[in-house]
Amino acid sequence: MKKLINSPGEVVGDALKGMAAAHPSLRVADRVVYRAAGPRAGKVGLVSGGGSGHEPLHAGFVGYGMLDAACPGEVFTSPVPDQIIAATQAVDGGAGVLHIVKNYTGDTLNFELAADLTEGVEVAGVLVDDDVAVQDSLYTAGRRGTGATLFVEKMAGALAEQGAPLAQVARVAAEVDGRSRSFGIALTSCTTPAAGKPTFDLPDDQVELGIGIHGEPGRRRAPHAPARELAEVAMDAVHHDLPLYGDLLVMVNGMGGTPLIELYIVFAEVEAYVRAKGARVARSLVGNYVTSLDMQGFSVTVCRLDDELTRLWDAPVETPGLRWGR
Amino acid sequence: MKKLINSPGEVVGDALKGMAAAHPSLRVADRVVYRAAGPRAGKVGLVSGGGSGHEPLHAGFVGYGMLDAACPGEVFTSPVPDQIIAATQAVDGGAGVLHIVKNYTGDTLNFELAADLTEGVEVAGVLVDDDVAVQDSLYTAGRRGTGATLFVEKMAGALAEQGAPLAQVARVAAEVDGRSRSFGIALTSCTTPAAGKPTFDLPDDQVELGIGIHGEPGRRRAPHAPARELAEVAMDAVHHDLPLYGDLLVMVNGMGGTPLIELYIVFAEVEAYVRAKGARVARSLVGNYVTSLDMQGFSVTVCRLDDELTRLWDAPVETPGLRWGR
Amino acid sequence: MGPLMDAAFCAAWLEAAALAVAADRERLTDLDAAIGDADHGANLDRGFSEVRQALAAGGPGQPLAVAGVTLIRKVGGASGPLYGSLLRAMGKALGESFTLAGFAAAFQAGVDEVARLGKAVEGDKTMLDALGPAARAVAGAVRDGAEPRAAFERAAEAAREGALATVPLVARKGRASYLGERSAGHEDPGAASSALIVGALVTADGEA
Amino acid sequence: MGPLMDAAFCAAWLEAAALAVAADRERLTDLDAAIGDADHGANLDRGFSEVRQALAAGGPGQPLAVAGVTLIRKVGGASGPLYGSLLRAMGKALGESFTLAGFAAAFQAGVDEVARLGKAVEGDKTMLDALGPAARAVAGAVRDGAEPRAAFERAAEAAREGALATVPLVARKGRASYLGERSAGHEDPGAASSALIVGALVTADGEA
Ligand SMILES: Nc1ncnc2c1ncn2[C@@H]1O[C@H](COP(=O)(O)OP(=O)(O)O)[C@@H](O)[C@H]1O
Ligand SMILES: Nc1ncnc2c1ncn2[C@@H]1O[C@H](COP(=O)(O)OP(=O)(O)O)[C@@H](O)[C@H]1O
Ligand SMILES: [Mg+2]
Ligand SMILES: [Mg+2]
Ligand SMILES: [Mg+2]
Ligand SMILES: [Mg+2]
Chain U
0 MKKLINSPGE
10 VVGDALKGMA
20 AAHPSLRVAD
30 RVVYRAAGPR
40 AGKVGLVSGG
50 GSGHEPLHAG
60 FVGYGMLDAA
70 CPGEVFTSPV
80 PDQIIAATQA
90 VDGGAGVLHI
100 VKNYTGDTLN
110 FELAADLTEG
120 VEVAGVLVDD
130 DVAVQDSLYT
140 AGRRGTGATL
150 FVEKMAGALA
160 EQGAPLAQVA
170 RVAAEVDGRS
180 RSFGIALTSC
190 TTPAAGKPTF
200 DLPDDQVELG
210 IGIHGEPGRR
220 RAPHAPAREL
230 AEVAMDAVHH
240 DLPLYGDLLV
250 MVNGMGGTPL
260 IELYIVFAEV
270 EAYVRAKGAR
280 VARSLVGNYV
290 TSLDMQGFSV
300 TVCRLDDELT
310 RLWDAPVETP
320 GLRWGR
Chain X
0 MKKLINSPGE
10 VVGDALKGMA
20 AAHPSLRVAD
30 RVVYRAAGPR
40 AGKVGLVSGG
50 GSGHEPLHAG
60 FVGYGMLDAA
70 CPGEVFTSPV
80 PDQIIAATQA
90 VDGGAGVLHI
100 VKNYTGDTLN
110 FELAADLTEG
120 VEVAGVLVDD
130 DVAVQDSLYT
140 AGRRGTGATL
150 FVEKMAGALA
160 EQGAPLAQVA
170 RVAAEVDGRS
180 RSFGIALTSC
190 TTPAAGKPTF
200 DLPDDQVELG
210 IGIHGEPGRR
220 RAPHAPAREL
230 AEVAMDAVHH
240 DLPLYGDLLV
250 MVNGMGGTPL
260 IELYIVFAEV
270 EAYVRAKGAR
280 VARSLVGNYV
290 TSLDMQGFSV
300 TVCRLDDELT
310 RLWDAPVETP
320 GLRWGR
Chain P
0 MGPLMDAAFC
10 AAWLEAAALA
20 VAADRERLTD
30 LDAAIGDADH
40 GANLDRGFSE
50 VRQALAAGGP
60 GQPLAVAGVT
70 LIRKVGGASG
80 PLYGSLLRAM
90 GKALGESFTL
100 AGFAAAFQAG
110 VDEVARLGKA
120 VEGDKTMLDA
130 LGPAARAVAG
140 AVRDGAEPRA
150 AFERAAEAAR
160 EGALATVPLV
170 ARKGRASYLG
180 ERSAGHEDPG
190 AASSALIVGA
200 LVTADGEA
Chain Y
0 MGPLMDAAFC
10 AAWLEAAALA
20 VAADRERLTD
30 LDAAIGDADH
40 GANLDRGFSE
50 VRQALAAGGP
60 GQPLAVAGVT
70 LIRKVGGASG
80 PLYGSLLRAM
90 GKALGESFTL
100 AGFAAAFQAG
110 VDEVARLGKA
120 VEGDKTMLDA
130 LGPAARAVAG
140 AVRDGAEPRA
150 AFERAAEAAR
160 EGALATVPLV
170 ARKGRASYLG
180 ERSAGHEDPG
190 AASSALIVGA
200 LVTADGEA
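Going line by line, the protein sequences match chains U, X, P and Y.
First residue of the first sequence? That's 0 in numbering that gives the first Met the number 0, and the numbers climb one at a time after it.
First residue of the second sequence? That's 0 in numbering that gives the first Met the number 0, and the numbers climb one at a time after it.
First residue of the third sequence? That's 0 in numbering that gives the first Met the number 0, and the numbers climb one at a time after it.
First residue of the fourth sequence? That's 0 in numbering that gives the first Met the number 0, and the numbers climb one at a time after it.
By construction, these hints were calculated from the structure, which means they are not laboratory data.
Treat each hint with caution, since some may be false.
Over the 12 Å line for every Cβ pair with chain X, so calculated as not near, a few chain Y residues [stated by the list, open to error]:
1. Asp29
2. Val74
3. Lys91
4. Gly101
5. Gln107
6. Ala108
7. Val141
8. Leu163
9. Arg181
10. Gly205
DSSO-like cross-link-like pairs, simulated, lysine-lysine; straight-line CA separation at most 30 Å [said to hold, decoys possible]:
11. X:Lys1 with U:Lys1
12. U:Lys16 with U:Lys1
13. X:Lys1 with X:Lys276
14. U:Lys1 with X:Lys276
15. U:Lys196 with X:Lys16
16. X:Lys196 with U:Lys196
17. P:Lys91 with P:Lys118
18. Y:Lys91 with Y:Lys118
19. U:Lys276 with X:Lys1
20. X:Lys16 with X:Lys1
21. U:Lys1 with U:Lys276
22. X:Lys16 with X:Lys42
23. U:Lys1 with U:Lys42
24. X:Lys16 with X:Lys196
25. U:Lys16 with U:Lys196
26. X:Lys196 with U:Lys276
27. X:Lys16 with U:Lys1
28. X:Lys196 with U:Lys16
Sample of chain P residues facing chain U (criterion: CB under 8 Å; computed from the structure) [claimed, not checked]:
29. Ala41
30. Ile71
31. Gly75
32. Ala77
33. Pro80
34. Thr98
35. Arg171
36. Lys172
37. Gly173
38. Leu178
39. Arg181
Quick reminder that beta carbons are idealized off the backbone N, C-alpha and C, glycines included.
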C-alpha cells in the first residue's frame, strides 16, 4: 500500500488537521468540523457525518448554505454518538437540527442513538437512500445513500439559510432524496489504510457494476467497455427506476482516483443519453465529490428538478468543496 | 489499461464535448475553449494551453478573472500553432493578448510559431518555470512549468479583468512566476491512453522524487516514507531555492489519482513546515488542480505574496475549476 | 442453580475477548473485505483496546456495562452500537455476582437487544446467527444443570457452528446485503467475531 | 553532380517514412516512456498519417514543404515543429527536380533550422545527433561522387550510429534533460525516429 499518510491510525486526525489549517472558515474540535462563525440564531442547524474516505463529503460541505457541522468517523466507519451529540448541541440556533444520514446500518444506528441522547434540541432526520444498485425491500437493509447526499445537503442547506423552519427543511430534504437516484461503476478497488491491500481484486479487463462508496463489491462483474457503454449501463439503471424527463440535475462523480478528463468523457455520454430520452441536463456537477478513497470509477446521480429545487440548487454556497454566488 | 474513455484517439475531443456540455459558461470550437461571453473590449486577453491530461488546467480555468481561452493539445502534447493563432485572434479585445506558456520545448516552440504568425494582435508572453527539481542553466531546457501556472493564470487574470494594460499584466505574470517554486513526488506512474501501460514502473516500496506533470520519471527514487517526511523533502527543495518567509500562498496539489483525504494530510505537514520556518500560509489551495492523468502523488507550490498579489489572488474568479467572489 | 459468578469473571471474559479479537484482527477484516468494507477487524480491535483501557482505569460499574458503553462511544460502524448494546444490556441485567442462570438470561436479553436495534432475525447472515444459538446453548446448559465450563463450551461450539452456517446464506442485513446473491459463499464477519467473543468465555472460565 | 531527382522521390520518401514510423510506433513510445512522456510514437504516427492524407489530397507545392507545414500544424509537442521545420526548410530549398548535391544542401539547411529552433547542438541527446551525421554523410557522398543509393545508405548508417550513440549521453535538451544523469543509458526517441526517417530514403530510392 502506498498512501500519503503518516500511519493508518492517524489518517482521520491528520486529515482534519489539514482541513482546519487550509480553511479558516472551518473549526475542528473533538472530531467534529464546524463553521468557524458558529450557529446563527433562528436558523435550522444541519449536521451530517459518516465514515471518512469520501472527501470532500461531508466535512468539505460545511459552510454557508450547506452544513453547520460534519462528524467524520474512522475510514468507512460511521461516527460515534458522542460526536453527533456534541455537533447537534453546538449548532442548534434555537430552531432545531436536521440530521442528514446516509442509509447504512452503522450510520442509522449511531445517529439514532445520538438523537435519543441529545437533550434540549429538537432533532429531525432525513435518510438518504438513492442507490438503485441495491434492492429496496422490507427484507433488506434498503438502498445505500451515495451521491444524492450532496444534493440533499446543498438544497436543504440553502433552505435553512433562508430561514425555513425545521419541518420544512426536513420535508424538502426528503423530497430531494425521493427525486434522486444513483448508480456506480468501479474500474479498481480502493485500499483502506487499515487493511493495507485492495478490498477486492478486479482483473484488468473487468469492471464492477453497482458499487457503493465503501469498496463493497458491486452486484456483478462485466467486461470493461468504452465509456459510452458504461455510461449507458449506469443511466439505464437510473432511468429504469426514475424515468427521465423534464429538467435534471446530473452529477458525474469520480470515486477518488479517476482524473477529471475521464469524468468529462463520461459526462458527455450521460448528457447525450439524457437528451436522447427527451429530458434536459439543466444543472450539472462533474468532479470527485463523493469518493471512495483511491477507487477508480464513477457514479452518476440524477435529481428531477422543479422550480423550487432549482432555486435552492442555485442559491449561494460557500464551502471548501462547493462554492458559488459568494 | 482501464480508463473511462471511448478510444485512445478520441480522449481529448470527447472530454471537450463533456466540458462544453457541463459548463454553459464555456464555448468550444476547433479545439479551443473560450468564455461563452466572448472578449471584452479594452481588456487584455489571456491565452494559455498545453498538452491535455492536466485537468482542470487549462480549460477549467477559462472564465471571469482568469483565462479568456485555453488551447488543449493531445494528451501530454502541446497544442499546434493553428489553435493558438485562432484563440489569440478571437480573444483580442483591442488591448493585446498574453500567452501563458509552461516551459517545455514543445510548448515554447508552438507558442512562438503562433505568435510569429498571428497578425494584427499585440502579443506578449510569459514563461512559467517553477519546478525546482530541474536545474536551470544555459545548458539545459530550463525549469519546467508546473503548479505556478495556476497562480500566474489567476493573478494575471485578475489584473487583466481590472483593466490593466498588456505590459503590466505581463510584468505581474512574470513576477508571480519569479516568486513561485514547486516540487513533486509520485507514488505511481500515470498511464497515457496512447501507450496503454504505465510510463514507468515503481516498486511498491519506492517513490519518485522531483517528477513533472507528464509522467516523466523524477530525479531519483527513494524509499516510500510517511507523509511528514515526503512533505519535508518537497519543502526542503523549495525552501533551498526560495527561502520561506512572510506571507505565502501554498498549494498542495494532487497528481490526479490521489484522493483529497491524503492531500489534506500532506497539507497539514506542509503548513507545520512553513510555520517552523517562521513564515505563514496566508492563502492556500488543496486539491487536484495541475494533474498528470491518473498518477498518484502530490506537488507543492509556494508563492511569496505581497499586498498586490494577495489582492489579485483574492479577486473574484468564476471558472469551472476555481471559483470565489461570484 | 449453578455456582456464583462475579464481576471479575466478566472482566476476564472481556480481556480474553480483546486478545482473541486482536489475534484475529486481520482475518476479520479479510472476511469483511469479501462482502463488506474491510474494517471489521480494525473496528473491533480498536473498540476492545478502548475497553481494556476503560477497565484498567477502574471506574465504577459492572464491567460489561462499562465495556458496552465504551464500544458504543468509541467504535462507530454497525458493530460498535450492536456489540455495545449487547454488552450494556448484559451488564445492566447482571450485578456484582450472579448465577449461570442469571448469566443465561442476561445473554438472551443482550441478544434480543441486538435483534431489536439491528431489525434483524437469525438467518439474515449477521452476528445474530452466532449469538442466538450461543445464548440458547447457555440456557440449555442451565436447564441441564451443567457447570459454567460446560455451558460455555456448548455456547462456543454453537457460536462457531452458527458462524460457519452463515457461509451459504444470502445476507439480508448490513453491508453484505448489497451484494445480493454474491454474498453467499462467505462467512459473515460479525458472526465470526461473535464466535471469537463467545469462545472467550471458555478461556475466561479457565483462568477464573 | 549526381543524377536528377524529383518531387515524386520526395513523396516516396515521405510515404516510406510514414510506414517506418507506423511500424515502430510502439518502440518509439517506449523509448519516450523511459526518458520522456511516452508519446513520441503516437505523435509521429499521427503526424505522418496526416502527411499521407495531405499528399493524397494532391494540393500544390513541394511534397516536403507540404509535409513540413502539415507536421507543424497537426502534431504539436516538440517533435511536430522540429520535424515540420526540417521538412519545410528542405522543401523550400528544393524545386520540382534537383540534384543529389541540391538535396544534400537542403538537408543541411533543414538540420540547421532544427538546431536553431531547438537551441540544441549535437551531443545534447536529441534528434540532431542522428540528423547531423546523416546530413554530413550525404554531403560526403556528393563529394565522393557517389550515386544517391550509396549516399542514402551512408546517411542511414550514420543516422543509426548517431542514434545509438545517444545511449550513454546525458540529455541537455527536451524532456529527457529533466532526468539529469538518469537520462544516460537510454536511446533518445527523437534520434531513433530520425534514424527511421533517414533510413526511409533508402527504401524510397529502391522504389523510385
Ligand atoms: N442490522 C444488523 N443486525 C445485526 N448485525 C448486523 C447488522 N448489520 C450489520 N451487522 C453485523 O455487523 C457486521 C459488520 O460490522 P463492521 O464491519 O464493524 O461494521 P460496518 O458494516 O459498519 O463496516 C456484519 O458482519 C454483521 O454481522
Ligand atoms: N530542444 C530540442 N532540440 C532538438 N530536438 C529536441 C529538442 N527537444 C526535444 N527534442 C527531440 O524531440 C524528441 C521528443 O519528441 P516528442 O516526444 O514527440 O515531443 P515531447 O517531448 O513534446 O513529448 C526528443 O527525443 C528529442 O529528440
Ligand atoms: Mg465500516
Ligand atoms: Mg509530449
Ligand atoms: Mg465493515
Ligand atoms: Mg514525448
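* To do: List, from low to high, the hint numbers that the structure doesn't satisfy.
  => Hints 1, 2, 9, 13, 15, 21, 23, 26, 27, 28 and 34 contradicted; others consistent.
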